[in-house]
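Following the hints, put chain B in place on chain A, whose structure we already have.
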Amino acid sequence: MRPKLELLDKPLIERILDEAFQLIRGPGVRIAPYGFDLLRSGGASIDGDVARIPEALARQALATVPQEFFLYDRRGDPAVHYGGDDVHFDPGSSCLNILDAETQQARPAQSCDLVRLVQVAEMLPQFSAQSTAMVCNDVPAEIGDWYRLLLVLWHSEKPVVTGAFSASSLHTLLELLALESGGAEALRQKPRAVFDVCPSPPLNWSEFASQNMIDLARAGVPAEIVSMPLAGATAPVTLLGSIVQHAAECISGITIHQLACPGAPMVWGGAPAIFDMRTGTTPMGAIETAMLDLGCAQVGKHLGLPTHAYLVAGDGKLVDAQAAMESGISAVLGALAGINMVSGAGMLDFLACHSIEKLVIDAEAIASAQRLLQGIEPRTESLAVAMFAQTGLRGDFLKLKETRALFRGEQHFPSAVIDRGAPSLDGSAPDILRRARNRADELVAAYRRPEISPDREQAMLAFAHHQSRTAGLEALPGIDRCRSQTD
Amino acid sequence: MQQPMFSAMRQSIIDGLPATATSLAQQALSLGMAPLDAINNGFVPGMEAVGDQFAKAQMFLPDMMASAEAMRGAMAVLEVELQRQGTERPMAGIVVLGTTKGDIHEIGKQLVGTLLSANGFRVYDLGADVPGEKFAAKALELSADIVGVSALLTTTMRNQKTVIEALEKAGLRPQIKVMVGGAPVTRRWAEEIGADGYAKDAMSAVALARRLMEGKAQSASAAVLL
Chain A
466 MRPKLELLDK PLIERILDEA FQLIRGPGVR IAPYGFDLLR SGGASIDGDV
516 ARIPEALARQ ALATVPQEFF LYDRRGDPAV HYGGDDVHFD PGSSCLNILD
566 AETQQARPAQ SCDLVRLVQV AEMLPQFSAQ STAMVCNDVP AEIGDWYRLL
616 LVLWHSEKPV VTGAFSASSL HTLLELLALE SGGAEALRQK PRAVFDVCPS
666 PPLNWSEFAS QNMIDLARAG VPAEIVSMPL AGATAPVTLL GSIVQHAAEC
716 ISGITIHQLA CPGAPMVWGG APAIFDMRTG TTPMGAIETA MLDLGCAQVG
766 KHLGLPTHAY LVAGDGKLVD AQAAMESGIS AVLGALAGIN MVSGAGMLDF
816 LACHSIEKLV IDAEAIASAQ RLLQGIEPRT ESLAVAMFAQ TGLRGDFLKL
866 KETRALFRGE QHFPSAVIDR GAPSLDGSAP DILRRARNRA DELVAAYRRP
916 EISPDREQAM LAFAHHQSRT AGLEALPGID RCRSQTD
Chain B
76 MQQPMFSAMR QSIIDGLPAT ATSLAQQALS LGMAPLDAIN NGFVPGMEAV
126 GDQFAKAQMF LPDMMASAEA MRGAMAVLEV ELQRQGTERP MAGIVVLGTT
176 KGDIHEIGKQ LVGTLLSANG FRVYDLGADV PGEKFAAKAL ELSADIVGVS
226 ALLTTTMRNQ KTVIEALEKA GLRPQIKVMV GGAPVTRRWA EEIGADGYAK
276 DAMSAVALAR RLMEGKAQSA SAAVLL
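Taken in sequence, the protein lines are chains A and B.
Following this note's numbering, the numbering of the first sequence begins with 466 at its first residue and continues without gaps.
Following this note's numbering, the numbering of the second sequence begins with 76 at its first residue and continues without gaps.
The following block holds chain A by itself, in its conformation from the complex:
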């Protein structure tokens, strides 16, 4: 039996959906002109910049969304299954800072930091996908979004969770992906990436978000709606009220998306959070934030849609007990909820800062969560009696052939990040931060860049040089050579 956690019963989910359909009908949804024609053609009314979407139109859109799809790795093999209760994890996305490995102080992230994070994530099987984890401060801001993707594609063969920073730059990212995949049609057939698209709470699809949704649908590249109600600030204070708003934002987004291209793949995702009434912050490690994520995902699952959530992230500024506690709890909860893609590992400080050491520690929490999902299964005909028949009351189970045959399936073996050794008598045992740093060093040392076919590599380089030069960047940091590698 696979363990499962649900926070909502069916009648409550129906009430949530009923109110979500009411919201998109009136007060409606603010939307950019880019989507007006599509919505009008489907029967929605537009008044100023507000669309009122009839329930029938929204339900029709929900019916055409694929219930599952795959993201593919560079070799063209399916690597991430969005659908059902499959659970995958990827590092959090798009922060500006990194916690420096030596000083443990936050500083602006550079290309080499992203490369190192990608290398570590590439080596950790807990991460089925990469993310465009950081904005690199050593490249001009106007090319920041596609440049992150370039570095990830260059150094990884895993699927990628990414996103554009503007309406127009989406096409640059899609062009780059198409070069790497062997053309736009190849990308459509075997998408390597999913694009996060964020409505602005409450119920606002900005120019940028509307256009991204429509253009992604037409390109056949999966879109992941990341709805972010902040309970008590930009959304109702009750968890259920925020879940209703999340549903309304997702359903309205799906309506626009499916009107643009019925059957285009998309994900019911989110990064909801409570609004801390003392500090005015948005704690990603709060238990109520995790509860919002689980509730929102459960509504998506009820509709039969692929799901996503933002978990495994913490709010402290250091890799400490708080970070481990917040991330460990939410990794387990996300897994038990059967959320298809759980983003956020490695992140601290309300998603503002990445830590490679935390990413390595989070991978251990994720591995534990993945073990939990396997549940407790009978592996022998007699559960215990037959083994007792062999050992009697001597208790020497270590010698039994069953022990040797079955222990690998029963027990997960953490890396050396987790201390299970004997106590150190002189107190010299390294702490978890040191162990995580050592582990990251080992992973980077063992990493080999996955091959890209020479013609595609050349095409990507030519594209990158051309685009970079227009922004005044001559070298390609993170590709030409990283300083850390030359030191």
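Hints should not be assumed to be uniformly reliable.
Stated by the list, open to error - Quick look at which bits of chain A chain B covers, simulated, 3 or more residues with Cβ under 8 Å: (1) 551-562; (2) 692-704; (3) 744-755.
Hints in this document: simulated from the structure, not taken from any laboratory.
Here a beta-carbon is modelled for each residue, glycine too, at the ideal position from N, C-alpha and C.
Coordinates of chain B only, in the frame set by chain A:
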């Protein structure tokens, strides 16, 4: 007569009751109380108590919003009377606030604006998605003392720097203090872009604005002496 009324005014702010605060302001005027007395001895002590309780985690943001609303209600009545009498409440400073270009998040910035207003600053809120030039133009128009720039996103935080550049370009930087805030903003970032101050939350923003105004006053005195 005055003391119980001051006490009621203070309590109306602490309890966040706009109708009560407004009504007390009207009663005070009808009883002939000077509006500045009502403000300084009744309502402002209420806001100060709110600030203290917030700092001690005995009050929370929704409580503070309600208190600021009550303060606004009372001030709307009292300021009309101040104008009629040709007097003015001593103004703490003129602040132009806004969220950077590309960013549509306003909650934090609105909260800062509300608290600054409640604490005697004259605040002009430019809203969200505001380019640097617009900050500079409004600051020039109002002869502002402080420009406050908010950003919620790591991607739009960089635009705080463009506001400072716009103020420099307009030749306004020497006389205008710039304070920055928002979820991803740090003291280090503020220093890096050449801002005059960073506040981690709305209450700290009020304290920072006061400090910046003191700094301005000292520089002005120094300039006179020179």
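Hint by hint, here is what the structure shows:
Coverage of the region 551-562 of chain A by chain B holds. Counting CB-CB distances below 8 Å, 4 residues qualify, and the rule asks for three or more. Using a Cβ-Cβ cut-off of 8 Å, 4 residues of the region 692-704 of chain A lie near chain B, which meets the minimum of three, so the contact claim holds. Proximity of the region 744-755 of chain A to chain B, defined as three or more residues with a beta carbon under 8 Å from a beta carbon of that chain, is established by the 4 residues found.
Checked against the numbered hints given earlier, this structure breaks none of them.
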